[in-house]
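Heads up: the protein sequence lines correspond to chains A and B, in order.
Following our numbering, the numbering of the first sequence begins with 1 at its first residue and continues without gaps.
Following our numbering, the numbering of the second sequence begins with 1 at its first residue and continues without gaps.
Hints were generated in silico from the structure; no laboratory data involved.
Ideal placement from N, C-alpha and C gives every residue a C-beta, glycine not left out.
Treat the hints with care, as some may be off.
Quick partial rundown of chain B residues pointing at chain A, CB under 7 Å, derived from the structure [to be verified]: (1) Thr59; (2) Leu62; (3) His167; (4) Tyr262.
In case you want the letters, here they are:
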Amino acid sequence: MVDVLVIGGGNAALCAALMAREAGASVLLLEAAPREWRGGNSQHTRNLRCMHDTPQDVLVDAYPEEEYWQDLLKVTGGLTDEALARLVIRESSTCRPWMRQHGVQFQPSLSGALHTARTNAFFMGGGKALVNAYYRSAEQLGVQIRYETPVQRIELDGPRFVAAWAGDERITARSCVLAAGGFESNRAWLREAWGVNERGEHPADNFLIRGTRFNMGTLLRFMIDAGADSIGEPTQAHMVAIDARAPLYDGGICTRVDCVSLGVVVNRDAERFYDEGEDFWPKRYAIWGRLVAQQPGQTAWSIIDAKAVGRFMPPVFPGVRANSLPELATALGLDPARFMETLNAYNAACRPGTFDHTKLDDCRTDGLAPPKTHWALPLDKPPFFGFALRPGITFTYLGLKTDQTAAVRFGSEPSDNLFVAGEMMAGNVLGKGYTAGVGMSIGTAFGRIAGTNAAAHATASAHKEGSRASS
Amino acid sequence: MQALEKLIQQASDEWSPVAVTVARAPLLSVPEDEAARILQICNACRYCEGFCAVFPAMTRRLEFGTADVHYLANLCHNCGACLHACQYAPPHEFAVNVPQTMASVRGRTYRLYAWPRSFASLYERNGLAVALALAGGIALFLILALAMSGNLWQASASGSFYDVLPHTLMVGIFAPVFLFAICALGIGVRRFWREAVPGPASGAALAEAGNAVATLRYLGGGHGEGCNNEDDRFSLARRHCHHATAYGFALCFLSTCVATLYHYVFRLEAPYAYTSLPTVLGTLGGIGIAVGTLGLGWLNLRRHPSQGDAAQKPMDLGFIALLLIVAVSGLALMVLRSSAAMPGLLAMHLGAVIALFLTMPYGKFVHGPLRAAALLKWAIERRQPNRVGLTDD
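Isolated chain A, as found in the complex:
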């Protein structure tokens, strides 16, 4: 029997496996995906939000605990657990030397993401490079790794973990870490969670999944049904407006459309529905997934003119291009008359100002509802471009309730040998909203805690078994 069983194969699972192995436990890690798709959503990540009081290698200035906490409080609207959030924040300031030991390389912010130079440490080569490094290190340290081994259910003895079932195979261990991801790849569950809207649509049918196809939430559902305490709403998730042509799974970072704040966004009725210039795009990109999800057909179109070209991250798919706005409407399948009504009203409402995309400038609309409060320039310079947008779901927030020990809880009682980390418990810290890099901070912090505690429990119980056997 192994000491620690880790279920999952992404960042949190790997952190748990490495910490447990370093503590001397024997570790078996079960990854549902085949080797080439290993790593869950971590393969699509790019950075870690880090607290630091002074400049640190790739991080400039300082990002103190209080500021990090306030940022988290703001984006979650208070739907967070302060003790756990602060635990994550403090862990983020000390975990990087350990990450480096296991082969993770850092680099300064990427071009086009300089706003994060102070707050986020980027992985050189991105999340897949991090995942590769952790797997290499795990193999070297003797962690047993099995791919294509999804776990369907857990055998429990009250709140205690006894065994995991992968198909017909029963795998026992002294303790277990659950780090198998959210349920974002499970389209049936998303459909059920989002239900039917006032237009009679199933909004979730039009969602794209930005990451792995293997996060089916099988264990999450099993644990909730088995009586584990849960946290969060099933409709809460990290959701971004992405290009409607993105693949159903694994579109990752490149499918985002970064020109929203440079133009206008209209829905299927050719109407605007939100202030595109409310704040800097990095602070707003995470709300547009939900905004688009609320529109008819869960589709919207970002419209820009020639002035915006080259001012935003190049899109992976080319925009639909036209030499006049009515032509663009027709090409996009929108009603040209209504489209022109919206665009003419917007163009007429733009007040003269000094455009500056690097600050909250004074280019705004007057007497328009909804307003565009910054970067509002009339769309008048051909050619015009349109990008169809759809909600892209990154990961879900419904999870298992936990505490500072990462233990799974049943009726508020913590299990002594079953722990949880990563997306399966991110909802404890993220009730809603998102800020870049915090998912990896949560996964790293709780993965490490879960691994440490799982190993400690396994070692203690192995001792007990040993002394029982010898007496």
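Here the structure of chain A is known, so what remains is to put chain B in place on it, guided by the hints.
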């Protein structure tokens, strides 16, 4: 039949002079179009920016025309890091493989810049076989010539090569071959440079490019732990083996230069003592090349197949084999110069050296001058204001 027509239609759609901007993998395409398709995806991702110069150079562009792709392909050192780190690499439907695509494009550029062009296509078709046949043929030719004059199996008491082949004859054969190689390589580099001229080179740009060439900076992986070979593990083996080969080659070249100086200026004729400068330089250089090429060949054969262009393996291995033969025969010649084997060894060595210089402008060697030129282009370009006015996202 309909499927075939569709395929042909798709192929002709993909074959366009402008940048292809469809993210999904085409069924058929020329490497330049495939590179443009991939770079469009990379430019929207940028995770690999820290590995090398290719990605920062890419971010200064929004579209990837033929000249851009040729430049970026020659800037790529084929380290493989961006393949193993890529979230869009196969089996992902975007099928992004930068190192392999860049290698294919590079292969095309070698042929494109080659002078005269007819030679290039001949060599590329079968690098290893042509190289070995050429070396063997010339050696055989020399052996025959020597045998006819009765010098083949005859020890020279002084160990002097000139007893076998007169100095003037050697110079008469090698000088034109060497000058031809320099000329052909120069024209090739000039063609590459003129495809897109980045502007004048400052001293700082020259120094930076020189440093990147001399240290093989971009085989360091951006973090200094090296590049990838069999898998996602990083290793400095390729960098070290390349250093041994390249600096070994430079030492041998230097040895020849010093010997030429001795001969014409100081009137000191070969053979030179084991402790003399030409012999010491040549010996060190020969050992460097031998060790380096053995390592590079070993690494080449164990290389992850997705990292490179399989069609270019014969070319790579042909060049490696020729260098190894030159080095080993040269070292053997030095040790056995007073023995009866000397004339035969000399013929073999000279045959290999001639083959090396003759094939130089049409094989793997051109990666060196073109890579250096691409690095200089980058050093110049990155000092210029960014044409893409991308503000912070």
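Violated hints - listed by number, lowest first: 3, 4
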